[in-house]
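Number of protein chains: 2
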Amino acid sequence: MNPQDLIRKKRDGGKLLPEEISAFVRGVSNNTWADYQISALVMAMFINGLNLSEQNALTKAMLNSGEVFNFSELDAPIADKHSTGGVGDKTSLLIAPIVAACGIAVPMISGRGLGHTGGTLDKLESIPGYNVNLSKEEFKKVIKKCGFAMMGQTAEIVPADKKIYALRDATATIESIPLIVASIMSKKMAEGLDALVLDVKTGTGAFMQRESDARKLAKALVKTGNAFDVKTEALLTDMNQPLGKYVGNAFEVFECVKLLQGETDKQSQSTLDLSIELAARMLILCGVAKTIQSSKFKVQSVLESGEALEKFRENIEAQDGDSRICDKPELLLNKSLLEVKIKSPESGYISEIDASEIGKAISAIGGGRLKVDDKIDTAVGFACEKKLGEKVKEHEPLGTLFCRTETQAAKVLAKLQMAYKVSVEKPVRKFELIKEVI
Amino acid sequence: MNPQDLIRKKRDGGKLLPEEISAFVRGVSNNTWADYQISALVMAMFINGLNLSEQNALTKAMLNSGEVFNFSELDAPIADKHSTGGVGDKTSLLIAPIVAACGIAVPMISGRGLGHTGGTLDKLESIPGYNVNLSKEEFKKVIKKCGFAMMGQTAEIVPADKKIYALRDATATIESIPLIVASIMSKKMAEGLDALVLDVKTGTGAFMQRESDARKLAKALVKTGNAFDVKTEALLTDMNQPLGKYVGNAFEVFECVKLLQGETDKQSQSTLDLSIELAARMLILCGVAKTIQSSKFKVQSVLESGEALEKFRENIEAQDGDSRICDKPELLLNKSLLEVKIKSPESGYISEIDASEIGKAISAIGGGRLKVDDKIDTAVGFACEKKLGEKVKEHEPLGTLFCRTETQAAKVLAKLQMAYKVSVEKPVRKFELIKEVI
Numbered sequence: 000m001n002p003q004d005l006i007r008k009k010r011d012g013g014k015l016l017p018e019e020i021s022a023f024v025r026g027v028s029n030n031t032w033a034d035y036q037i038s039a040l041v042m043a044m045f046i047n048g049l050n051l052s053e054q055n056a057l058t059k060a061m062l063n064s065g066e067v068f069n070f071s072e073l074d075a076p077i078a079d080k081h082s083t084g085g086v087g088d089k090t091s092l093l094i095a096p097i098v099a100a101c102g103i104a105v106p107m108i109s110g111r112g113l114g115h116t117g118g119t120l121d122k123l124e125s126i127p128g129y130n131v132n133l134s135k136e137e138f139k140k141v142i143k144k145c146g147f148a149m150m151g152q153t154a155e156i157v158p159a160d161k162k163i164y165a166l167r168d169a170t171a172t173i174e175s176i177p178l179i180v181a182s183i184m185s186k187k188m189a190e191g192l193d194a195l196v197l198d199v200k201t202g203t204g205a206f207m208q209r210e211s212d213a214r215k216l217a218k219a220l221v222k223t224g225n226a227f228d229v230k231t232e233a234l235l236t237d238m239n240q241p242l243g244k245y246v247g248n249a250f251e252v253f254e255c256v257k258l259l260q261g262e263t264d265k266q267s268q269s270t271l272d273l274s275i276e277l278a279a280r281m282l283i284l285c286g287v288a289k290t291i292q293s294s295k296f297k298v299q300s301v302l303e304s305g306e307a308l309e310k311f312r313e314n315i316e317a318q319d320g321d322s323r324i325c326d327k328p329e330l331l332l333n334k335s336l337l338e339v340k341i342k343s344p345e346s347g348y349i350s351e352i353d354a355s356e357i358g359k360a361i362s363a364i365g366g367g368r369l370k371v372d373d374k375i376d377t378a379v380g381f382a383c384e385k386k387l388g389e390k391v392k393e394h395e396p397l398g399t400l401f402c403r404t405e406t407q408a409a410k411v412l413a414k415l416q417m418a419y420k421v422s423v424e425k426p427v428r429k430f431e432l433i434k435e436v437i
Numbered sequence: 000m001n002p003q004d005l006i007r008k009k010r011d012g013g014k015l016l017p018e019e020i021s022a023f024v025r026g027v028s029n030n031t032w033a034d035y036q037i038s039a040l041v042m043a044m045f046i047n048g049l050n051l052s053e054q055n056a057l058t059k060a061m062l063n064s065g066e067v068f069n070f071s072e073l074d075a076p077i078a079d080k081h082s083t084g085g086v087g088d089k090t091s092l093l094i095a096p097i098v099a100a101c102g103i104a105v106p107m108i109s110g111r112g113l114g115h116t117g118g119t120l121d122k123l124e125s126i127p128g129y130n131v132n133l134s135k136e137e138f139k140k141v142i143k144k145c146g147f148a149m150m151g152q153t154a155e156i157v158p159a160d161k162k163i164y165a166l167r168d169a170t171a172t173i174e175s176i177p178l179i180v181a182s183i184m185s186k187k188m189a190e191g192l193d194a195l196v197l198d199v200k201t202g203t204g205a206f207m208q209r210e211s212d213a214r215k216l217a218k219a220l221v222k223t224g225n226a227f228d229v230k231t232e233a234l235l236t237d238m239n240q241p242l243g244k245y246v247g248n249a250f251e252v253f254e255c256v257k258l259l260q261g262e263t264d265k266q267s268q269s270t271l272d273l274s275i276e277l278a279a280r281m282l283i284l285c286g287v288a289k290t291i292q293s294s295k296f297k298v299q300s301v302l303e304s305g306e307a308l309e310k311f312r313e314n315i316e317a318q319d320g321d322s323r324i325c326d327k328p329e330l331l332l333n334k335s336l337l338e339v340k341i342k343s344p345e346s347g348y349i350s351e352i353d354a355s356e357i358g359k360a361i362s363a364i365g366g367g368r369l370k371v372d373d374k375i376d377t378a379v380g381f382a383c384e385k386k387l388g389e390k391v392k393e394h395e396p397l398g399t400l401f402c403r404t405e406t407q408a409a410k411v412l413a414k415l416q417m418a419y420k421v422s423v424e425k426p427v428r429k430f431e432l433i434k435e436v437i
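Residue numbers (numbering that gives the first Met the number 0), protein chains in the order written: chain A, 0 to 437; chain B, 0 to 437.
Calculated directly from the structure, the hints in this document are not laboratory data. It should be emphasised that the depicted structure is a prediction, and the values quoted were computed from it without experimental measurement. Zero decoy hints are in this set.
As the list makes no split between identical chains, a pair holds if one copy fits it or if it spans any two.
Each computed DSS-like pair below joins lysine-lysine, with the alpha-carbon atoms no more than 27 Å apart:
#1 LYS215 x LYS8
#2 LYS257 x LYS390
#3 LYS14 x LYS161
#4 LYS162 x LYS8
#5 LYS8 x LYS370
Make a model of the complete structure from these sequences and hints.
Okay, here's the thing in structure tokens:
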């Protein structure tokens, strides 16, 4: 099966057979397909689409291009959560210890931030000593010990995805539902899961800004998950403002530890609410709880009892991090940072927040990546003081920027201010965190 | 203007602006676009199409990526002919000397054979000593001396085309009219022409097998030529059987010299007819003749007077070839070749000939190229004994294969025989050589 024949078939709108898709992915893995042939086929797939059976075949072929974990020895349900990415999206840090405290094993293979979005691995690395580079054996050992482990993608897991994703990034072929599904689901399936909850974000800080696109993606992800016999559910959630209070790696871990300690404040509430919802869904899919009420009650109880915080502490210790942050989360914060207030130019109500602009501002001062190999400053960040629908007076702070230098502040101040829209009228629009369960 | 933005625009069906197309071609030429980005955009162009202004902008940008000839010092009209390629298509070897004998300068930059089709440069190289690797200055000098010169593509002429074409070949994006137009016309425009006649072939031995596709291509080529102020005309011609008698490099030159000497036979007639038609069209476009009748009369007169043969002799001498072949064309032929007759399995009429199978058979025994860098055996070939519509008796020869070894013969004999269909009924279909003037 030569590359040209497969490319020609998809170019002309044909449906690729599973064995043709396998041949493609094999060609990617063993370098018999040239990069320009991969990108030509991917563009043809982008424009002419893939139907559900092609999408599943691509997911399967990519999954089989690498190692697949098997945790059957653990004698526990295996579950994970995946988010399509957002700004201030830190729920993994709460969900993993909560769900582990409820007796579910969570083999969380996470990513790093890119562009305006953050990544769990970067957040974890703001904990002094925390090691995300585990071997397969270490990963299993940590899960066995404390119920969850968090590591980065290895070269052995879905190697085809890494190459295809890099080419998609360079050739403007990211925003294709079947390609996104295959990329996400092949990596998640490689974790050997029983259940998966997806947090598909939509809004100004999400990759899928339009709700209709995000809904389509959510449905496609769920279909493919279930086709692989993994109980899969998706929540369509709001990303029209940063989630919770903080944006920035150390600050986000700080927020989570505070929540695990039982301390909430107004701006962190959405982080807690979404984490509880997602965790409760995981419990139900794993058969640990039956109704959403009883499931949430169980989640609340492991939070209130401190069991979830203890799980986090055990994990940090198992992954060589400094677990003192569990008692003193302020250890995470760099006290020497400049604090610059972003002030409202007028009185009124917050009617719009461009979350991606806030994410980009933090990336621009080193808190995120513009390119894949950029180094990160985990200390810098942003605190939301006002969120959508809230009343604000002229000159009252919308948020606080934590940065290293005046130059950094000058670079992003105007952008941060422009990210907010204040209207005189109280907005009638409802800002729902959870829009739909799919 | 970054590659992703341009790719995204065409991916989504947008129209690219001339400056965007220039940026792309510049990126190809200066290697700032990666091959996988070029191939992604080309696939998007293939599927979503280019309108006439994009097609012209691409042609112009490609033309401007390299050197453009200027023959204004010659004080003669400058014209060329281009064929989309076929089997036994040798008209360039007749047209160039004919037209030069009529006072028109012909700067013919030709190609090599690939797949089932032949190339003028390979044919010329069957003339002992003939040099197609001229410098720009030598090329001009030869034209000045004898009215025409024939050389290969240089690295300086439309360099972007070479890279894009190789990628199109590897990514199944050849058969796109705007991409074909830009590739052909940018190279022809680089010759600094006043007039161009295109021979667009359709049928079993053509790249565009379907007549409707070939007609579309012809129209698109003519539109773009005229947009560049080059008087352009296209003939839609039949390639449902090899043109003329012979297929194979030395044999084709032999056929042409015989025709220039005034010797025709039944099977060579179509070579002569098409060459006269194309040459006459060039004369008209250049203002050297007014009507097609008077133009053909002029062409006939330079053939009959021997002036065309003399031009060919002068050119061969100027390009270091052995001009004795003009008097003794049999010097071109290798007398030690095996002659194998392809016999008709039954009596009837020739109703179909798969010309591409004949071309492929000759390529397979070394007379053409399967890959771009294959070496060629210019001696081998095929003579058509019967053509479409002719009556044939059982065991009567359909053609003769001239090859080096019995193994070669065994390799292609069945294929050659299968290329012919014989029907008992006399075919009612008319086999027109020239289908339309566009």
